[in-house]
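Q: With chain A's structure known, arrange chain B on it following the hints.
Listed below, chain by chain, are the residues.
2 protein chains.
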Amino acid sequence: MSNLTRDALKAMDKKDTLSSFRTRFELPNDIIYLDGNSLGAQPKAALAVAKDVVGRQWGQDLIKSWNTAGWFDMPYRLGDKLAVLLGADAGEMLVTDSTGINLYKILALAAKLNPERSVLLMENDNFPTDVYMAQGLIDQLGGSHTLKLVPGDEIMAAIDDSVAAVSITQVNYKTGRLLDMAAITAKAHACGALAIWDLCHSAGALPVNLNGCNVDFAVGCTYKYLNGGPGSPAFIFAAKRHQNKASQPLSGWWGHSDPFAFSRDYAASPNISQMACGTQPITSMAMIECGLDMFLDADMAEIRKKSNTLCDLFIELMESRCGDFGFELNSPRDGTKRGSQISFNHDNGYAIVKALIARGVIGDFRAPANMRFGFAPLYVRYVDVWDAVEHLRDIMATGEWRKDIYNQQDAVT
Amino acid sequence: MSNLTRDALKAMDKKDTLSSFRTRFELPNDIIYLDGNSLGAQPKAALAVAKDVVGRQWGQDLIKSWNTAGWFDMPYRLGDKLAVLLGADAGEMLVTDSTGINLYKILALAAKLNPERSVLLMENDNFPTDVYMAQGLIDQLGGSHTLKLVPGDEIMAAIDDSVAAVSITQVNYKTGRLLDMAAITAKAHACGALAIWDLCHSAGALPVNLNGCNVDFAVGCTYKYLNGGPGSPAFIFAAKRHQNKASQPLSGWWGHSDPFAFSRDYAASPNISQMACGTQPITSMAMIECGLDMFLDADMAEIRKKSNTLCDLFIELMESRCGDFGFELNSPRDGTKRGSQISFNHDNGYAIVKALIARGVIGDFRAPANMRFGFAPLYVRYVDVWDAVEHLRDIMATGEWRKDIYNQQDAVT
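Line order of the protein sequences matches chains A and B. Under our numbering, the residues of the first sequence are numbered 16 to 428, in order. Under our numbering, the residues of the second sequence are numbered 16 to 428, in order.
Chain A on its own, in the form it takes in the complex (with noise of 0.2 Å):
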């Protein structure tokens, strides 16, 4: 056993730096939220700004805001936010539309960057709309590019001469394993390949420098660690080596170097705008900026050292105090090598994630059997580890977790 108590991590909150970001987040008294890589938290500025884009912004000044209240302004304001999160600089990121589309667009636009290649690279245990994504775009191509699908260790051998692009998750969605973004994309520049990074688990849970990892291109979700709301839009990164070249298909009225003179032929812009395409959802977008500064205003590097603490210390009570109930860890022991999210393999994983939600902790099930808890430093306490998995290990002890009601399939997101 541990010699871990939970009067020991309560000592480490009060010491902890970070603990005041928590009383900026609406969270339930009764909640142990692990579930923070899958939807993030509420900002509680966030339901101010919705108040204030709905019954001001549009019920009172109505069309007048497009300019007065910065809804044009949003994407790119919004991204060069996130660039000093994220290692860009302004001018080189917006925030629209989903992380899918922005893929495609990325993709198709690395395909005509690197038009004497042929192969897209991706790892075959991506998060799979990023693979299907990478299927729509080469059915549509008609022929001429295949996907490459391999392990994830094997990502870095597979690249060749042959290959137009690499796009890579950083961050496993199952697994948290973390790849090294320098060095694949060292490779991928070594051997005449672009490399594009997928974010979603990445931003807000650890350091990531794009331009410092010479980066190409990158796309990533504003609602799990960062704390945008459900479903709010994506980010896109394009190097400002590659603006000007060649244009994203999705070519909509907000991607034209003049949208408002609504002339009749495209004309691509030259800056990062020609990654966006049309009118986007501004209620959705305007409360992405309450979570953009609280990350602005703490330090990465402090989130990153808390992170690996909490997710390290989830996996030595769960060995030393669940360690007999068949539970297999599924991600890498090594905190260097892994995001914010530990998992476990579960036979009953299903039915024991629906006990665990049932008793206020809350993380999730990725078929067939990985249980997937996300930390985010920003409001899970050192407490909230060892209370899950005093839960979990009552809910075992006394199989709980059998019952029907956990038993019966339903959606699980």
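Keep in mind that the hints were calculated from the coordinates and are not lab data. Hints should not be assumed to be uniformly reliable.
All copies of an identical chain are treated as equivalent in the list; a pair is satisfied when it fits inside any one copy or across any two copies.
[What the hints assert, rightly or not] Distance condition first, Cα-Cα at most 27 Å in a straight line; then the derived BS3-like pairs of lysine-lysine:
1. 79 to 418
2. 352 to 189
3. 59 to 352
4. 79 to 369
5. 189 to 79
6. 127 to 163
A: Relative to chain A, chain B alone:
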């Protein structure tokens, strides 16, 4: 001079069977809002919905709301409500993504469904983003297709057996001119072409009968006459007979036949959900229902009748009371040939619209000379038409529009 009087128009408001709908909108007292064709007014219910989505569904119920608050089903539930309004069947419409992105999906799908044909036909005065998306697609298809652009009154004649799809905006965004959906669709089908309709300026403005006209595909936006809120997600229609034949290329996980299986390869859903791509902006989407519910309470024939009367009155008063100031009608005089907006051209239109806005009469301007006024029958009163024209008459008679502040160029939506 017309023998209309302000009192006569006030009397019409008293008898207006739609007048009670105005009370369900948030409208500032000092505003005459004639820009519902650009951004619809705010249904009062929308603020409560936003507070509930952000405060309770996100803030308290967190990830569970994907199921318990119906977030996953929202594109379908809203699509089915919209289907009632637009003459489609349940399971033929989705609310998702943006109009431009939805058009891209449909154009790409149409190219697949009609593989022997190479021409996409559009009106040359189409809303530019429709043309841009077609240009982006054609560029990506690598020379296999061409875009043919002809004047609106030559569309019928231009449909021949080279045309894969004719993609038409039913109501012209500048002039309000209404094209004949039944006739153009019939001609397209007679020539073996598919008919795609953009309903951005139709939905909520006039009766639309997609299946009655045998339309193949349609797209449109929810933030104009439907009052969905700034940048609220768009809609897409695919007739049942075209579902499960080919896939649109933005093949994200929401379009998969079993999204939560997280299988490696894309397998297209056999139904309308194949038109979906990825996670949607829930807060912006949820508010759309407030506008839709009002339309489902109203009689579209009455809406159309009032719309025509409002527009006829505006033309009559503009010509009788502002006839000396050089305004030139840029909309069909015949109410059966137009949507719910009226445009006048004037060389100084930009400054005049700004002077009107400063007085609280909100219309908009489209280069080079087009002053555009939308008449949303659910909240625009007959007396508003009178008052708007009187403001304009005063602005012209006094030369108020000549002030420097109205002649400085800035962004106009």
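Q: Cα distance capped at 27 Å. Does residue 189 pair with residue 79 within a copy, between copies, both, or neither?
A: between (44 Å within a copy, 19 Å between copies)
Q: Should residue 79 paired with residue 418 be assigned to within, between, both, or neither, using CA atoms and 27 Å as the limit?
A: Between copies only: 20 Å across, 56 Å inside.
Q: Between residue 352 and residue 189, at a C-alpha cutoff of 27 Å, which is it: within one copy, between copies, both, or neither?
A: Classified as within; 14 Å inside a copy, 56 Å across copies.
Q: Can you tell me if residue 79 and residue 369 fall within 27 Å by alpha carbon in one copy, between copies, both or neither?
A: Only across copies: residue 79 and residue 369 sit 11 Å apart there, 47 Å inside one copy, limit 27 Å.
Q: I want to check one pair: residue 127 and residue 163. Are their C-alpha atoms no more than 27 Å apart within a copy, between two copies, both, or neither?
A: Result: close both inside a copy and across copies, 18 Å intra and 24 Å inter.
Q: At most 27 Å between C-alpha atoms: does residue 59 with residue 352 qualify within a copy, between copies, both, or neither?
A: Intra 32 Å, inter 50 Å, cutoff 27 Å: neither.
When the structure is compared with the earlier hints, a violation turns up for hint 3 alone.
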